Amino acid sequence: MAENKPLIEVKDLKEYFRISTGMFTSKPLKAVDGVSFSINKGETLGLVGESGCGKTTVGRTLLHLYKPTGGEIYYDGKLIKSREDIKNFRKKATMVFQDPYSSLNPRMTVSDIIGEPLDVHKLTANKKERMERILELMDYVGLNSEHAARYAHEFSGGQRQRIGIARSLAVNPDFIVCDEPVSALDVSIQAQVINMFDELQEKLGLTYLFIAHDLLVVRHISDRIAVMYLGRMVELAPAAEIYDRPLHPYSKSLLSAVPVPDPKVARANKRIVLTGDIPSPLNAPSGCPFRTRCKYATEKCAETMPEFNEVSKGHFVACHRIGEIND
Amino acid sequence: MALLEVKNLKTSFFTDAGEVKAVNDVSFTLERGKVLGIVGESGSGKSVTAYSIMQILAGAGKIIGGSIKLDGQELVGAGEKVMKNVRGNRISIIFQDPMTSLNPTYTIGKQLMEAILLHTNRNRKEAYDRAVEMLRLVNVNEPERRMNQYPFEFSGGMRQRVMIAMALACEPDILIADEPTTALDVTIQAQILELMGQLQEELGMAIIMITHDLGVVAQICDEVIVMYAGSICEQGTADEIFYNPCHEYTKGLMRSIPTADTAGTKLQPITGTPIDLLNMPKGCPFAPRCDNAMKICIDHRAERMVINENHSASCWMNVKKGVESGEIVLDTEGGDDNG
Numbered sequence: 005m006a007e008n009k010p011l012i013e014v015k016d017l018k019e020y021f022r023i024s025t026g027m028f029t030s031k032p033l034k035a036v037d038g039v040s041f042s043i044n045k046g047e048t049l050g051l052v053g054e055s056g057c058g059k060t061t062v063g064r065t066l067l068h069l070y071k072p073t074g075g076e077i078y079y080d081g082k083l084i085k086s087r088e089d090i091k092n093f094r095k096k097a098t099m100v101f102q103d104p105y106s107s108l109n110p111r112m113t114v115s116d117i118i119g120e121p122l123d124v125h126k127l128t129a130n131k132k133e134r135m136e137r138i139l140e141l142m143d144y145v146g147l148n149s150e151h152a153a154r155y156a157h158e159f160s161g162g163q164r165q166r167i168g169i170a171r172s173l174a175v176n177p178d179f180i181v182c183d184e185p186v187s188a189l190d191v192s193i194q195a196q197v198i199n200m201f202d203e204l205q206e207k208l209g210l211t212y213l214f215i216a217h218d219l220l221v222v223r224h225i226s227d228r229i230a231v232m233y234l235g236r237m238v239e240l241a242p243a244a245e246i247y248d249r250p251l252h253p254y255s256k257s258l259l260s261a262v263p264v265p266d267p268k269v270a271r272a273n274k275r276i277v278l279t280g281d282i283p284s285p286l287n288a289p290s291g292c293p294f295r296t297r298c299k300y301a302t303e304k305c306a307e308t309m310p311e312f313n314e315v316s317k318g319h320f321v322a323c324h325r326i327g328e329i330n331d
Numbered sequence: 002m003a004l005l006e007v008k009n010l011k012t013s014f015f016t017d018a019g020e021v022k023a024v025n026d027v028s029f030t031l032e033r034g035k036v037l038g039i040v041g042e043s044g045s046g047k048s049v050t051a052y053s054i055m056q057i058l059a060g061a062g063k064i065i066g067g068s069i070k071l072d073g074q075e076l077v078g079a080g081e082k083v084m085k086n087v088r089g090n091r092i093s094i095i096f097q098d099p100m101t102s103l104n105p106t107y108t109i110g111k112q113l114m115e116a117i118l119l120h121t122n123r124n125r126k127e128a129y130d131r132a133v134e135m136l137r138l139v140n141v142n143e144p145e146r147r148m149n150q151y152p153f154e155f156s157g158g159m160r161q162r163v164m165i166a167m168a169l170a171c172e173p174d175i176l177i178a179d180e181p182t183t184a185l186d187v188t189i190q191a192q193i194l195e196l197m198g199q200l201q202e203e204l205g206m207a208i209i210m211i212t213h214d215l216g217v218v219a220q221i222c223d224e225v226i227v228m229y230a231g232s233i234c235e236q237g238t239a240d241e242i243f244y245n246p247c248h249e250y251t252k253g254l255m256r257s258i259p260t261a262d263t264a265g266t267k268l269q270p271i272t273g274t275p276i277d278l279l280n281m282p283k284g285c286p287f288a289p290r291c292d293n294a295m296k297i298c299i300d301h302r303a304e305r306m307v308i309n310e311n312h313s314a315s316c317w318m319n320v321k322k323g324v325e326s327g328e329i330v331l332d333t334e335g336g337d338d339n340g
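Chains as they are written, first to last, in our numbering: chain A, 5 to 331; chain B, 2 to 340.
Bear in mind the hints are in silico, worked out from the structure with no lab data behind them.
Quick caveat: nothing in here was measured; it's all calculated off a predicted structure.
Fair warning: there could be bad hints in the mix.
[To be verified] Straight-line C-alpha distance at most 25 Å; calculated SDA-like pairs for lysine to any residue: (1) Lys274(A) with Glu143(B); (2) Lys22(B) with Asp300(B); (3) Lys274(A) with Lys22(B); (4) Lys267(B) with Gly46(A); (5) Lys268(A) with Tyr244(B); (6) Lys18(A) with Ala306(A); (7) Lys268(A) with Ala303(B); (8) Lys299(A) with Glu143(B); (9) Lys256(A) with Val277(A); (10) Lys22(B) with His157(A); (11) Lys299(A) with Arg137(B); (12) Lys268(A) with Ala261(B); (13) Lys252(B) with Asp292(B); (14) Lys9(A) with Thr266(B); (15) Lys268(A) with Leu196(B); (16) Lys35(B) with Val262(A).
[Said to hold, decoys possible] To give an idea of the chain B side of the interface with chain A (calculated C-beta under 8 Å), a few residues: (17) Gly62; (18) Met148; (19) Asn149; (20) Thr183; (21) Val187; (22) Thr188; (23) Gln190; (24) Gln192; (25) His213; (26) Ala219; (27) Gln220; (28) Asp240; (29) Leu254; (30) Ile258; (31) Thr260; (32) Ile271.
Built from N, CA and C at the ideal position, the CB exists for glycine as well.
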């Protein structure tokens, strides 16, 4: 159902944070370092990686919650640059946050939480219209109208996440950045919320950037999947392809680490266990960022950063030894 | 004799709002060298079961019935003196959050040695050597240097390794792992699970693995207990639970997980939200969320039913299935119109 026209286009996005290392010295932390991708209308792009790889920063910088250090973001073919652009963009692009406990103001009622974006962007003419819209949004996400006057603490985690989703839908967006929206939920509730994302996409024609570390969830919901490591994108491919035929050594080990809920498969599964932890982005390795944990690394990997090349249609990989290690 | 035998365990929390039966009539046995998984959603009582075994319940919590036998020795009501000897020594526990389980103001070495000095007759020098040995066992590089570092200098995966080293320092018979990998990334989770499996083989201890992740269960558990609202709804070998689930809740859980085959289709979630333990229904606690609930489910709680020697479940659907296939013949005259 995805059309072949990019709604979101990101070119060479960079986000550096200054980290002080002494009283007068500081160092850039390259949270996102040259990431490019596009998302078609009606498509879901999954973004996966370990904590600290920069996937949340990509989502936030994309919405200009952080000012990008470098790179360009296009919405519907138009470069987003001025303050005016950003304000208009935020009427079309919203976010659902990971933690349903801390992302809702405990002193506001549900109707005020969902109504706040309407007030900020002055989208409703009067109180009656505002309330009608709020109830419509609550209906979208399966909340009862009697919940409108309650406070966030009266709800369970799954219901809170529904409130957060209703809020993100308030401005009638085309594009939603979903930052780990189901990670904090129990399995049975998680499935309900995933289905809701699916249904809303069909009904409202939404486009998603779906950030998550649960690879089973991402595979279920995404059309294409991008894998990030230490601020860079290492692989991008259609969802089925990246699971059946991952090409980058990091994607391979990441996917093999996913515990499969099937004892026989689990027993037969040969896991590629990575040694060590992800390096600090303050001291990122030279060349390929993954080389310190990669068993195929050569001198060339330490010298130059591999380019993000299209190896087959729609399948991009950044690895020097791609031809040699996959046969 | 089973290493650990839990029988009709009941643990309640006495709150202002009333009695919360967090663990309600739980029985299971754990054999030496086996890995038992306890699965359930938040609030199902899986952690409280573990805390009851260790008797480390918070203020309002109390064991109100049942028995816990370790190697035949009764632990319920045995007193603090006995429990102090059991905790850390015979049964160890590792917690979910490796960030908060370590004291930030002491070095890793001091915290590791504390456990060893407390539970064994080793002197400081021997305890130090043992601590270094344990760090090496859990694959911490340069253990001597790491001994002098503080928890903030360790990554999440490294801290969980330290917790495991601490738990295993006194060679316990049972290791209880309460969601040990939930806070970690998948690649680090794979490392920790691999390490636990390997240590379990080397040291021959039994593990109780508490988790909500069925993937983790499939990975390392021999036997599985599925809990819902404080009770066991199904128990059996891992293969039985995964390939022949006999409780509607377990079936629902299995359907809720996205897999390769579900991509592009709708998941079949369990409807509704977990039950309020303060307002427990009369019948099966899962009945309000169960798509196949029958009249009998609402009025009567199903007893434990034996499916086969490796498997039991508390669900009336098994009776319905049995009656339909003719395996069960109802002896009540006029029949049971509920089934």
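Results of checking the hints against the structure:
With a C-alpha separation of about 28 Å, the suggested pair Lys274(A) and Glu143(B) falls outside the 25 Å cut-off, and the hint is violated. This hinted pair checks out: Lys22(B) and Asp300(B) have alpha carbons roughly 19 Å apart, not beyond 25 Å. The suggested pairing of Lys274(A) with Lys22(B) is violated, with an alpha-carbon distance near 42 Å, which exceeds 25 Å. For the hint pairing Lys267(B) with Gly46(A), the CA-to-CA distance comes to about 17 Å; that is within 25 Å, so the pair holds.
Of the supplied pair hints, the one linking Lys268(A) and Tyr244(B) holds, its CA atoms being roughly 10 Å apart against a limit of 25 Å. Restraint check for Lys18(A) and Ala306(A): the C-alpha separation of about 22 Å stays at or below 25 Å, so the hint holds. Between the alpha carbons of Lys268(A) and Ala303(B) the distance comes to roughly 30 Å, so the proposed pair goes past 25 Å and is violated. Straight-line distance between C-alpha atoms of Lys299(A) and Glu143(B) comes to about 21 Å, which keeps the hinted pair within the 25 Å bound.
For a cut-off of 25 Å, the pair hint linking Lys256(A) to Val277(A) stands: about 10 Å separates their Cα positions. Our distance criterion of 25 Å between C-alpha atoms is met by Lys22(B) and His157(A), whose separation comes to about 23 Å. Distance check on the hinted pair: Lys299(A) and Arg137(B) sit about 22 Å apart at the alpha-carbon level, within 25 Å; holds. Between Lys268(A) and Ala261(B) the alpha-carbon distance is near 16 Å, which keeps this suggested pair within the 25 Å criterion.
About 11 Å separates the Cα atoms of Lys252(B) and Asp292(B), which keeps this hinted pair within 25 Å; it holds. Only pairs whose Cα atoms come within 25 Å are accepted, and Lys9(A) paired with Thr266(B) is accepted, the gap being roughly 24 Å. With a C-alpha separation of about 20 Å, the suggested pairing of Lys268(A) with Leu196(B) holds against the 25 Å cut-off. Our distance criterion of 25 Å between C-alpha atoms is met by Lys35(B) and Val262(A), whose separation comes to about 23 Å.
Of the supplied interface hints, the one on Gly62(B) is violated, with its beta-carbon coming no nearer than about 22 Å to a beta-carbon of chain A, more than 8 Å. At its closest, the beta carbon of Met148(B) sits 19 Å from a beta carbon of chain A; the interface hint therefore is violated under the 8 Å criterion. Interface hint status for Asn149(B): violated, as the beta-carbon distance to the closest one in chain A is roughly 20 Å, over 8 Å. For Thr183(B), the interface hint is violated, since its Cβ never comes within 8 Å of a Cβ in chain A; the closest pair sits about 10 Å apart.
The restraint placing Val187(B) at the interface with chain A holds, with a minimum CB-CB distance near 4 Å, inside the 8 Å limit. Below 8 Å, beta-carbon pairs count as interface contacts, and Thr188(B) has one with chain A at about 5 Å; its hint therefore holds. At its closest, the beta carbon of Gln190(B) sits 7 Å from a beta carbon of chain A; the interface hint therefore holds under the 8 Å criterion. A hinted interface residue such as Gln192(B) counts as satisfied when its beta carbon comes closer than 8 Å to some beta carbon of chain A; here the least separation is about 6 Å, so the hint holds.
The closest approach between the C-beta of His213(B) and any C-beta of chain A is roughly 6 Å, which is under the 8 Å cut-off, so the hint is satisfied. Against a cut-off of 8 Å between C-beta atoms, the interface hint on Ala219(B) holds, since the closest Cβ of chain A lies about 4 Å away. At its closest, the beta carbon of Gln220(B) sits 5 Å from a beta carbon of chain A; the interface hint therefore holds under the 8 Å criterion. Taking 8 Å as the C-beta cut-off, the interface hint given for Asp240(B) holds, the closest approach to chain A being about 6 Å.
The beta carbon of Leu254(B) comes within 6 Å of a beta carbon in chain A, closer than 8 Å, and the hint placing it at the interface holds. With its C-beta approaching chain A no nearer than about 5 Å, Ile258(B) sits inside the 8 Å limit, and its interface hint holds. Here the hint on Thr260(B) is kept, as its CB sits about 7 Å from the closest CB of chain A, short of 8 Å. With 8 Å as the threshold, the beta carbon of Ile271(B) comes within range of chain A, its nearest partner Cβ sitting at about 4 Å, so the hint holds.
Checked against the numbered hints listed earlier, the structure breaks hints 1, 3, 7, 17, 18, 19 and 20; every other hint is satisfied.
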